[in-house]
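Asks: The primary structure of each chain is shown beneath.
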Amino acid sequence: MIESIVTWFVQPMSYGFMQRGLVASILVGIVCAVIGAFIVLRGMAFFGDALSHTILPGVAVGYLVSGNARGSLFWWALGTAIISALSIGAISKKTHLREDTSIGIVFAGMFALGIALISTVRSYAVDLSHFLFGDVLGVSSQDLITILIFGAVVLIAIWLFYRQLIVISFDPLLATTLRLPTKLLNNLLLVLIAITVAVSLQIVGVALMVAMLVTPAATAYLMTDRLPRMMLLASIVAVISSVVGLYISFYLSISSGAAVVLTCTVFFVIVWTIQNLKKKTKTDKTELSV
Amino acid sequence: MYPKIQHDIDQPILDVKHLSVKINDHLVLEDVSFHLHIGERVALLGPNGAGKSTLFKVISGLLPPVSGEVNVYGSTSSRHICIAYIPQRTQVDWHFPVSVFDVVMMGRTAKMKPLVPPGKHHQNIVWHALETVEMQDLAGRQISQLSGGQQQRMFIARALAQEAELMLMDEPLAGLDDPAQEELLLLMEKLEQEKVTIMTATHDLDQAAQHFNRILLLNRRMISFGSSKHVLTAENLKVAYGGRLRMIEQGESIMALDNSCCEGGEE
Numbered sequence: 001m002i003e004s005i006v007t008w009f010v011q012p013m014s015y016g017f018m019q020r021g022l023v024a025s026i027l028v029g030i031v032c033a034v035i036g037a038f039i040v041l042r043g044m045a046f047f048g049d050a051l052s053h054t055i056l057p058g059v060a061v062g063y064l065v066s067g068n069a070r071g072s073l074f075w076w077a078l079g080t081a082i083i084s085a086l087s088i089g090a091i092s093k094k095t096h097l098r099e100d101t102s103i104g105i106v107f108a109g110m111f112a113l114g115i116a117l118i119s120t121v122r123s124y125a126v127d128l129s130h131f132l133f134g135d136v137l138g139v140s141s142q143d144l145i146t147i148l149i150f151g152a153v154v155l156i157a158i159w160l161f162y163r164q165l166i167v168i169s170f171d172p173l174l175a176t177t178l179r180l181p182t183k184l185l186n187n188l189l190l191v192l193i194a195i196t197v198a199v200s201l202q203i204v205g206v207a208l209m210v211a212m213l214v215t216p217a218a219t220a221y222l223m224t225d226r227l228p229r230m231m232l233l234a235s236i237v238a239v240i241s242s243v244v245g246l247y248i249s250f251y252l253s254i255s256s257g258a259a260v261v262l263t264c265t266v267f268f269v270i271v272w273t274i275q276n277l278k279k280k281t282k283t284d285k286t287e288l289s290v
Numbered sequence: 001m002y003p004k005i006q007h008d009i010d011q012p013i014l015d016v017k018h019l020s021v022k023i024n025d026h027l028v029l030e031d032v033s034f035h036l037h038i039g040e041r042v043a044l045l046g047p048n049g050a051g052k053s054t055l056f057k058v059i060s061g062l063l064p065p066v067s068g069e070v071n072v073y074g075s076t077s078s079r080h081i082c083i084a085y086i087p088q089r090t091q092v093d094w095h096f097p098v099s100v101f102d103v104v105m106m107g108r109t110a111k112m113k114p115l116v117p118p119g120k121h122h123q124n125i126v127w128h129a130l131e132t133v134e135m136q137d138l139a140g141r142q143i144s145q146l147s148g149g150q151q152q153r154m155f156i157a158r159a160l161a162q163e164a165e166l167m168l169m170d171e172p173l174a175g176l177d178d179p180a181q182e183e184l185l186l187l188m189e190k191l192e193q194e195k196v197t198i199m200t201a202t203h204d205l206d207q208a209a210q211h212f213n214r215i216l217l218l219n220r221r222m223i224s225f226g227s228s229k230h231v232l233t234a235e236n237l238k239v240a241y242g243g244r245l246r247m248i249e250q251g252e253s254i255m256a257l258d259n260s261c262c263e264g265g266e267e
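Residue numbers (our numbering), protein chains in the order written: chain Z, 1 to 290; chain G, 1 to 267.
Mixed in with the good hints there might be a few duds.
Using C-beta positions, here's what the derived DEER-type ranges look like [stated by the list, open to error]:
{"hint": "1", "chain 1": "G", "residue 1": "Gly140", "chain 2": "Z", "residue 2": "Gln275", "range": "18 to 28 Å"}
{"hint": "2", "chain 1": "Z", "residue 1": "Ile156", "chain 2": "G", "residue 2": "Gln136", "range": "30 to 40 Å"}
{"hint": "3", "chain 1": "Z", "residue 1": "Pro172", "chain 2": "G", "residue 2": "Asp25", "range": "20 to 30 Å"}
{"hint": "4", "chain 1": "Z", "residue 1": "Thr265", "chain 2": "G", "residue 2": "Asp93", "range": "48 to 58 Å"}
{"hint": "5", "chain 1": "G", "residue 1": "Asn124", "chain 2": "Z", "residue 2": "Gln11", "range": "52 to 62 Å"}
{"hint": "6", "chain 1": "Z", "residue 1": "Gly109", "chain 2": "G", "residue 2": "Asp93", "range": "22 to 32 Å"}
{"hint": "7", "chain 1": "Z", "residue 1": "Ser72", "chain 2": "G", "residue 2": "Leu27", "range": "50 to 60 Å"}
{"hint": "8", "chain 1": "Z", "residue 1": "Thr283", "chain 2": "G", "residue 2": "Asn124", "range": "38 to 48 Å"}
{"hint": "9", "chain 1": "Z", "residue 1": "Gln275", "chain 2": "G", "residue 2": "Arg141", "range": "49 to 59 Å"}
{"hint": "10", "chain 1": "G", "residue 1": "Pro118", "chain 2": "Z", "residue 2": "Thr7", "range": "44 to 54 Å"}
{"hint": "11", "chain 1": "G", "residue 1": "Glu182", "chain 2": "Z", "residue 2": "Asp284", "range": "31 to 41 Å"}
Derived pair list, reagent style SDA-like, types lysine to any residue, alpha-carbon separation capped at 25 Å [claimed, not checked]:
{"hint": "12", "chain 1": "G", "residue 1": "Lys195", "chain 2": "Z", "residue 2": "Arg179"}
{"hint": "13", "chain 1": "Z", "residue 1": "Lys93", "chain 2": "G", "residue 2": "Pro65"}
{"hint": "14", "chain 1": "G", "residue 1": "Lys190", "chain 2": "G", "residue 2": "Phe225"}
{"hint": "15", "chain 1": "Z", "residue 1": "Lys183", "chain 2": "G", "residue 2": "Asn71"}
{"hint": "16", "chain 1": "Z", "residue 1": "Lys93", "chain 2": "Z", "residue 2": "Glu3"}
{"hint": "17", "chain 1": "Z", "residue 1": "Lys278", "chain 2": "Z", "residue 2": "Ile236"}
{"hint": "18", "chain 1": "Z", "residue 1": "Lys93", "chain 2": "G", "residue 2": "Pro64"}
{"hint": "19", "chain 1": "G", "residue 1": "Lys190", "chain 2": "G", "residue 2": "Gln151"}
{"hint": "20", "chain 1": "Z", "residue 1": "Lys183", "chain 2": "Z", "residue 2": "Leu144"}
{"hint": "21", "chain 1": "Z", "residue 1": "Lys279", "chain 2": "G", "residue 2": "Gly148"}
{"hint": "22", "chain 1": "G", "residue 1": "Lys111", "chain 2": "Z", "residue 2": "Leu185"}
{"hint": "23", "chain 1": "G", "residue 1": "Lys190", "chain 2": "G", "residue 2": "His203"}
{"hint": "24", "chain 1": "Z", "residue 1": "Lys94", "chain 2": "Z", "residue 2": "Ser66"}
{"hint": "25", "chain 1": "G", "residue 1": "Lys17", "chain 2": "G", "residue 2": "Gly226"}
{"hint": "26", "chain 1": "G", "residue 1": "Lys111", "chain 2": "G", "residue 2": "Ile125"}
{"hint": "27", "chain 1": "Z", "residue 1": "Lys282", "chain 2": "G", "residue 2": "Pro65"}
{"hint": "28", "chain 1": "Z", "residue 1": "Lys94", "chain 2": "G", "residue 2": "Ser78"}
{"hint": "29", "chain 1": "Z", "residue 1": "Lys278", "chain 2": "G", "residue 2": "Gln142"}
{"hint": "30", "chain 1": "G", "residue 1": "Lys111", "chain 2": "Z", "residue 2": "Trp159"}
{"hint": "31", "chain 1": "Z", "residue 1": "Lys183", "chain 2": "Z", "residue 2": "Leu173"}
{"hint": "32", "chain 1": "Z", "residue 1": "Lys93", "chain 2": "G", "residue 2": "Val66"}
{"hint": "33", "chain 1": "Z", "residue 1": "Lys282", "chain 2": "Z", "residue 2": "Arg226"}
{"hint": "34", "chain 1": "G", "residue 1": "Lys190", "chain 2": "G", "residue 2": "Glu40"}
{"hint": "35", "chain 1": "Z", "residue 1": "Lys93", "chain 2": "G", "residue 2": "Gly226"}
{"hint": "36", "chain 1": "Z", "residue 1": "Lys279", "chain 2": "G", "residue 2": "Gln88"}
Some chain G residues well away from chain Z (every beta-carbon gap over 12 Å; in silico) [to be verified]:
{"hint": "37", "residue": "Gly39"}
{"hint": "38", "residue": "Ala84"}
{"hint": "39", "residue": "Trp127"}
{"hint": "40", "residue": "Lys195"}
FYI, nobody ran anything at the bench for these hints, they're computed from the structure. Ideal Cβ placement from N, Cα and C applies to all residues, glycine included.
Kindly generate the complete structure, drawing on both the sequences and the hints.
Replies: Set out below in structure tokens:
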């Protein structure tokens, strides 16, 4: 009995692609959860979602240039994401357009460009589904190193500029009166989100990216009212979801990205329900005491 | 990394000269000139849309003027870190996951080295600031659990932690109950000992007259600046508030009711 349970857990991990997939999704989960805290607090979910979609033309050009050589795709994705992020920032700063409008413009424009590029090469066996939904089990050792390096860049940058990033998020006016380099810090945050999106591309894909950026952080936000704890809890939620999601994906043959995101969502629903029940019993009690 | 500006202490803490400001091609402030003494409390009075918030934003360097200049101790204000802008309470995300202590510590950001966690020196300054506003026992609270008066005092503590010498408070008394207003006004008087100069935007003429050294009456232009007796004349108030003012004279004091008055409605 015990032996069969152990086998159940160990057996999937006897495959190299499962090991790499698991490590990759744990790394990506942590990076997304930590930067996700800023995305949730600053209300940037739409920005994150749009940014992941704007990668398409970069990836398309990558395919055109280097065929199916996977390695270079990351760099194309990274470059496109950074350019898109900074253009969105620039458009909303330099015009009186609201930020969500400029996000919409860049998002749709870039996505359309990507589709146009891909449609020119119908003959290519371009597998869009990997791009849309991720390909955890196709992670190579080289991919793993890239994820590790760039994930570390994001986390270290957040650690270095933690205090400044909080100030520009909580009170931009204070940041200005303290003469902090607010423009630079805002652009830094945009670039960090862009790197996160590029790193996560292979794991969750474009369509589900926003879930990794938002759901673990939002779940944690329901549980605590301190930022460092929020980042920690979000990371834990993301890591557990990655592990559970991959096992579900292995045994039930579900798309792995979808399985991870669904697990995150279940987490959120559970925490949210518990919170609601707590609130309800609290108000019931106060009603009784009145 | 951060500008260190020499204070020329022969110069006034704030010197505004012929200041004009445009927002979207509208002249919001026109030819405003005045200067403040160190440690005084000035009430900034005027109807909604008079440019009170704008004046604060220009002084603290958040908005550029179209003409004129704003100097702090003899040099352009936008380079100083000794000015604190205390926002209206409605402009803050109170559910942000930070404690009172965290928020007050934010005032130290410009003076802390990156990477190193805030050392004893910074912590002592924060505790001292919290002590001044009598909020040490609330240091660990999440900020949404504070009352309106406590929220306002927390921002004053943050300004103290910033070592601000000029505090600009945008309607700090709005929406507070009477005891909380009284407490806040007393705190402002106490700050005189710390040589803090305060400018407070308010709607309450009576409070302005009672608790502040001087009053600046503003409606796009500076209408009058000086002691309450000098400023709060029926004539000046009519110029400032126009038809929007109903005045009730009660013995010595004048009540002004701004018909358009509503919370945080400026701009």
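Asks: Now tell me, hint by hint, if it's right for this structure.
Replies: Hints and how they fare:
1. G:Gly140 / Z:Gln275: 18 to 28 Å: At roughly 22 Å between Cβ atoms, Z:Gln275 and G:Gly140 fall inside 18 to 28 Å, so the hint holds.
2. Z:Ile156 / G:Gln136: 30 to 40 Å: For G:Gln136 against Z:Ile156, whose Cβ atoms are near 35 Å apart, the range 30 to 40 Å holds.
3. Z:Pro172 / G:Asp25: 20 to 30 Å: 24 Å, holds
4. Z:Thr265 / G:Asp93: 48 to 58 Å: Violated: the Cβ-Cβ distance is about 25 Å, outside 48 to 58 Å.
5. G:Asn124 / Z:Gln11: 52 to 62 Å: 58 Å, holds
6. Z:Gly109 / G:Asp93: 22 to 32 Å: 31 Å, holds
7. Z:Ser72 / G:Leu27: 50 to 60 Å: Given a distance of about 56 Å, which is inside 50 to 60 Å, the answer is holds.
8. Z:Thr283 / G:Asn124: 38 to 48 Å: 42 Å, holds
9. Z:Gln275 / G:Arg141: 49 to 59 Å: 20 Å, violated
10. G:Pro118 / Z:Thr7: 44 to 54 Å: At 51 Å between Cβs, range holds.
11. G:Glu182 / Z:Asp284: 31 to 41 Å: With a Cβ separation near 37 Å, G:Glu182 and Z:Asp284 satisfy 31 to 41 Å, so the hint holds.
12. G:Lys195 / Z:Arg179: Measuring from Cα to Cα gives roughly 22 Å; hence the hint holds.
13. Z:Lys93 / G:Pro65: 19 Å, holds
14. G:Lys190 / G:Phe225: With Cα atoms ~23 Å apart, G:Lys190 and G:Phe225 stay inside 25 Å; holds.
15. Z:Lys183 / G:Asn71: 24 Å, holds
16. Z:Lys93 / Z:Glu3: 61 Å, violated
17. Z:Lys278 / Z:Ile236: 22 Å, holds
18. Z:Lys93 / G:Pro64: 16 Å, holds
19. G:Lys190 / G:Gln151: The hint holds at about 18 Å.
20. Z:Lys183 / Z:Leu144: Roughly 33 Å between the alpha carbons, so the hint for Z:Lys183 and Z:Leu144 is violated.
21. Z:Lys279 / G:Gly148: 23 Å, holds
22. G:Lys111 / Z:Leu185: With a Cα-Cα distance of about 17 Å, the restraint between G:Lys111 and Z:Leu185 holds, given a limit of 25 Å.
23. G:Lys190 / G:His203: 22 Å, holds
24. Z:Lys94 / Z:Ser66: 36 Å, violated
25. G:Lys17 / G:Gly226: 17 Å, holds
26. G:Lys111 / G:Ile125: Measuring from Cα to Cα gives roughly 12 Å; hence the hint holds.
27. Z:Lys282 / G:Pro65: 52 Å, violated
28. Z:Lys94 / G:Ser78: 21 Å, holds
29. Z:Lys278 / G:Gln142: Distance ~19 Å between Z:Lys278 and G:Gln142 Cα, so the pair holds.
30. G:Lys111 / Z:Trp159: Cα-Cα ~18 Å, so holds.
31. Z:Lys183 / Z:Leu173: Measuring from Cα to Cα gives roughly 12 Å; hence the hint holds.
32. Z:Lys93 / G:Val66: Holds, at about 20 Å.
33. Z:Lys282 / Z:Arg226: Within the cut-off at roughly 22 Å; holds.
34. G:Lys190 / G:Glu40: Holds. G:Lys190 to G:Glu40 sits at ~11 Å (cutoff 25 Å).
35. Z:Lys93 / G:Gly226: Distance of about 40 Å is beyond 25 Å: violated.
36. Z:Lys279 / G:Gln88: 30 Å, violated
37. Gly39: 20 Å, holds
38. Ala84: Given a closest Cβ separation of 6 Å, the condition is violated.
39. Trp127: 18 Å, holds
40. Lys195: With a cut-off of 12 Å, G:Lys195 remains clear of chain Z, as the shortest Cβ separation is near 19 Å.
Checked against the numbered hints above, the structure breaks hints 4, 9, 16, 20, 24, 27, 35, 36, 38 and satisfies the rest.
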